[in-house]
Every structure is written in C-alpha cells, then in structure tokens.
Amino acid sequence: MTTNSPSEERLEQLREKALQEGVVPGRGVDVVGGPIPRKPGYYGQPVVKPPVWTWEVPLYFFFGGMGGMSAVIALGAVLFQHVDLARTAMWVAAIGGAILSPILLIMDLGRPHLFLNMLRVFKHRSAMSMGAWILSAFGACAVPGLIALELHSHQIFSGTLDQLLRLAAGIFIFGSAIFGTLLATYTGVLIGATAIPAWFLHRILLPIHFGTAGLGSAAGVLELLGHRIAALNFLGFYAAGVESVLLIWLSVDKHGAADRAIHEHGSGWLIRIGEIFTGPLALVLRLFGLVPLAAISFLIGALVSRFGWIAVGKVSGSDPESVFAAERC
Amino acid sequence: MIGEGTQSTNQRRHNYVQENVEVGFFTDPTVCIGCKACEVACKEWNQVPDDGFVWSGNSYDNTGRLGASTWRHVLFLEQDRQKGGQIVGSHFPGSSDEEDPFRWVFLSDVCKHCEEAGCLEACPTGSIVRTEVGSVFVQNDVCNGCGYCVVSCPFGVIDRRPEPLPDAGGAFKCTFCYDRQKSGLVPACAKVCPTESILFGRLDDLRARATQRVQELQARGHKDQQLYDPTETSVRGIHAFFLILGEPEAYGLPPNPQVPTIYLKSAWTAAFATAIASIIAMLVAFAFFS
Chain H
1 MTTNSPSEER
11 LEQLREKALQ
21 EGVVPGRGVD
31 VVGGPIPRKP
41 GYYGQPVVKP
51 PVWTWEVPLY
61 FFFGGMGGMS
71 AVIALGAVLF
81 QHVDLARTAM
91 WVAAIGGAIL
101 SPILLIMDLG
111 RPHLFLNMLR
121 VFKHRSAMSM
131 GAWILSAFGA
141 CAVPGLIALE
151 LHSHQIFSGT
161 LDQLLRLAAG
171 IFIFGSAIFG
181 TLLATYTGVL
191 IGATAIPAWF
201 LHRILLPIHF
211 GTAGLGSAAG
221 VLELLGHRIA
231 ALNFLGFYAA
241 GVESVLLIWL
251 SVDKHGAADR
261 AIHEHGSGWL
271 IRIGEIFTGP
281 LALVLRLFGL
291 VPLAAISFLI
301 GALVSRFGWI
311 AVGKVSGSDP
321 ESVFAAERC
Chain W
1 MIGEGTQSTN
11 QRRHNYVQEN
21 VEVGFFTDPT
31 VCIGCKACEV
41 ACKEWNQVPD
51 DGFVWSGNSY
61 DNTGRLGAST
71 WRHVLFLEQD
81 RQKGGQIVGS
91 HFPGSSDEED
101 PFRWVFLSDV
111 CKHCEEAGCL
121 EACPTGSIVR
131 TEVGSVFVQN
141 DVCNGCGYCV
151 VSCPFGVIDR
161 RPEPLPDAGG
171 AFKCTFCYDR
181 QKSGLVPACA
191 KVCPTESILF
201 GRLDDLRARA
211 TQRVQELQAR
221 GHKDQQLYDP
231 TETSVRGIHA
241 FFLILGEPEA
251 YGLPPNPQVP
261 TIYLKSAWTA
271 AFATAIASII
281 AMLVAFAFFS
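If you read the protein sequences in the order shown, they are chains H and W.
Counting in the numbering used here, the final residue of the first sequence is number 329, and the numbers go up one at a time with none missing.
Counting in the numbering used here, the final residue of the second sequence is number 290, and the numbers go up one at a time with none missing.
This is chain H alone, in the form it adopts within the complex (with noise of 0.2 Å):
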C-alpha cells in the first residue's frame, strides 16, 4: 500500500477477500487488468446457452396448461351432466389451448412461417416434438368437440344426427381430456429434459407443477365465469394443496449454486411469489370461503410462475458455477 486514501484501502480490501474467496462479485470490481479477476470459468462466460425463449412461452405454458386442464373439467362435466359447465370448460379449452397457445408457439419460433416442419417428424426423444403433436391433437379434438357439444346442447338438429352429435362430442372430449392433461404437464419435461442446471435438478417438480397449476387455473377460471360448484371447489383446494407442498419441497431439495436461481436473484422472486400465490394463498383464501380471490390468487401466482421459471432458466444459463456445481457433484 502506497498512500492511505480510502480508495486504496478499499482495494486492499478487496485483494483480502479475492485471496480468501477466489471470487469478488459486484459493479465495479472486476475492472480489466485488475488485480481482483477470478471470474469463474473462462472469464464468467456462460458455460450452456441460456434460452432464447421471450414472453411468449411462458404464457404458452400458462393457457396451454390452463386450456389443457379444462378439458379435464369438461369430462367430468360430461359424465356427472354438468352440461353448462361442460360448455364453458370447452370453451376455455378450445380458446386457451387450441387457439392461443399455438399462436403464441409460433410467434415464439425464430422462423413463424416454417411452423409446420415441426409436423415433418415424430421423435419420442424431443419433448419439443412430442410437445407440437399433443397440441395439434388436442386442437383436432377441442374445436370438433366443442363444435358438437354446441350443436347438441343447442338441439341444432335432432333424432339420429343429434345422437350422433352427441356420441362425437363425447369422443372428442374424451380425446381432449387425454391430450390436455399431456398438454399440461409435457411442458414440464420440455424445460426438465435440458442442460440448464436449475431446470434439470428440478424435472420431477416441474411437470408435477405445470400441470397442477394448469388444473388449479381451470378450476379458478371456470369459477370466475360464474360456475361456483363444490367440484370446482374441491379442485381449487386440491391444485392450491400440492402447490403447497411443492413450495416446501422446493424451499428443503436446495443444491446450493447449482440451482440458486431458483432462490436468488429477481427469478427466485417470480419463483417465491408464484409458489406463494398458488400454495398456501390460495389455500387459506378457500378455507375462509372467499373462492373467487382464492382464483385470482391461483391465477396470478400460475401466471408468475412460468414466467419465473423461464427467468430461472436464463439466470442459471448464464452462470458457468450453476453448470459446474451441478456436474462436480
């Protein structure tokens, strides 16, 4: 040391806790040609690719999951002769998940117009290519189903064309029920099955997760439109438990830098505010009765979430000691 002036007293601190720690993170120190370098890696490179995902996938996830789900609803409504409820739920998923998600999947796509190439093949080992046929599946069921179902309930035509109506409606919404809940939970494995450490550690979570959200934003949506039954009740309380559950299974299955985005960082907030909002919330806003705020609760903590986890997605990408922690260990 030189001179005792503050700036270099500030240095010397620095050199200490560079020497103790390896790593000095923060603005303004680590200037080039410094003498606090140690980034880690190759100069704090990126060791994987963070996604190049934008807004639209996560509201992909969000109404994909949401329209798959309330095909779900819609059987049930079907079997038990909920016929209103049986209408909306299609509805729903007709809009959310055969019309708006694939627009937003194609807006995401670098190249829109070349969409249907993912038609060209069938690879069980891509999620993503798993992913573009459940969702035209779904839509080749949705949109007749509800089509039928509106024929039918609407007594459109009658005697035998009506039974037949009838009978297709229920193919078809069969066919959307088995479809949407893939449709719900593939996503799950679509950003679980990558090499992003917080995504990968969490893969078993995150279907588990998608798809509860998605069953938990049917049931709240459905209730907001007016159908308050002790069904979609129970749903809500059910979607709103596991959520709980999986905000303590997240918060204990920690491993430590390898998946921190999941607790640091704004993502970890998104995370936190979405698990909150779904899980306990929500819960205890059914347990008071107060179920059209239990939805909105539900609703928005979904939204958050996915939103949260493409945030962590880029947050651990772009951290080469997420990568190696999580390979050293």
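By construction, these hints were calculated from the structure, which means they are not laboratory data.
A few of these clues could be false.
Sample of chain H residues at the chain W side, in silico, Cβ under 8 Å [stated by the list, open to error]:
1. Gly76
2. Met107
3. Gly110
4. Lys123
5. Ala195
6. Leu224
7. His227
8. Arg228
9. Ala231
10. His255
11. Arg328
Backbone N, C-alpha and C define an ideal beta-carbon position, used for all residues, glycine too.
The hints should help you fit chain W onto chain H, whose structure is shown.
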C-alpha cells in the same frame, strides 16, 4: 502433423464422406500460437456474419464465446500455474528469479460434434442430422427456429441467430465444413492452421495421436495435461476433442457433460403421474362433491 508436408491429414484430399469414415478434430493448445486464422477462415468459407467488434479486455480474446455467428473461437487463458485458476491482467514481473508462475494458453474451441448430441435429439423438425462422417449438421432450410437445441446442448455451442443478421431466426453452429468434406477437402480451420494445432483426420488416428502427445508432454516434465473427451458420460465421446492444461472449467468446458435425454425418463414419469392424478382428482371432485 508437422513435418509431414503435403502428406499431413490437414493437407491431403480424402474420401472420408464416400467411405463413411468417422472423422474428428484434435486441437492441441501446446502448439497454438493464438493467430485466430481458424476463426477468419471459418467466417470466410462459411460466410458467417461478424460477431461484433467488441473490445472485451479479456486477454487477446475479443470474440467471447461460440454462438450462432461464431463457429471457431480461440480462447486466451492467463493461468496461475500453482492454482490452476484463471488470472486476468498482469502480475508483478521481475519480483524474483523463480519460474514464471503464469502461463498463457491458447485453445481453438469449436462444436464438439458429440456421439450422443443433445441438439440433434432435441430438434423437433429433423433439421439437425448426423452425417456420414459422424458430424452433426444443421440443415438451415428446415430449421424453424424453435430454440430447443439451444438449451439442449451441454456445451453451449449452438444458438439462434438474432435479427437483423442474414438468415436470422435459425439455429447455427459449426458444420464441420460438410460441404468441403464432400468434395474431399479438409475443413477450412484445419486447412489454414499454421502450426497444425487443429488436426483433422480419422477419429481413431487422432485419438492415438492425442494419447501419444500426452505421453510426450509427460516425458518433457509437464504435469497437468489431459485429454478432454468425455467418453465416460452419457455424451459418449466427442468428435472434436482437446488436449487441455489444467482443469476443464478454466476453458469454460463442462467437467461432466450429459446429454439431456437422460432426464426424459424421470420427467415423463412425473408428467404421466400428474396426468393420472389430475384425472382421479377430477373424478373424485365430481363423484363426491356434486
């Protein structure tokens, strides 16, 4: 190799594509001089747009990292020999007459052309294919830019090219100069490498040479050289492998790369379980609560 003249595998014509011979790159930083001729040759031959004229301040590396418009990247490591960690900037020269504790390492990084390639498995359009010589090739006219290969590459190589660059929206990476190889030519980077730090040839030949090179260095008293070729992980080896000094982390190489398809089984199991649980919950809800 040096001294083989026109008989070197980096110079002579070949029929590897026609004969379905597995080929590779062996990149040896101990003879690299950091001239970046490989970066230039790659850009010129493949007409890759510039990757920005940014002054990084990270040694002589102003390229940054591999990406959609960077298919060869020369790394410049300033290494602390005792710790194996990385140092940016200068030390105190002439402080003692001991051996200089720092070394300057150059390594030309490239797409690894994995045996089990994450990008290829992930591609939903079938745009990414395996060629006759074992390399991984992106068909630009088929790619619709979904971006799934980007997060599926364990080495962070492939990327989607942003607007307003030419051919924006598609995914790009090293082609292993497939077009040149089809005509019996050596990839552009290997062709121009003045020290044959980048060696091109039959994969089995290169692996033998690499092992020999490691032994040579050992005999000369070097200590921390190793081959970077993750054959033990699910990637099952790479076609472009490296000799490195020190740990892979310092080169931004993942120490234990895995192809993401190994995560599919557990993730799909969770997805199917959730799907079934949701249907059961729905049946319970309507059967008992309505």
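Each hint tested on the structure:
no.	hint	in the structure
1	Gly76	4 Å, holds
2	Met107	11 Å, violated
3	Gly110	2 Å, holds
4	Lys123	7 Å, holds
5	Ala195	5 Å, holds
6	Leu224	17 Å, violated
7	His227	11 Å, violated
8	Arg228	12 Å, violated
9	Ala231	4 Å, holds
10	His255	14 Å, violated
11	Arg328	6 Å, holds
Hints 2, 6, 7, 8, 10 from the earlier list are contradicted by this structure; the remaining hints agree with it.
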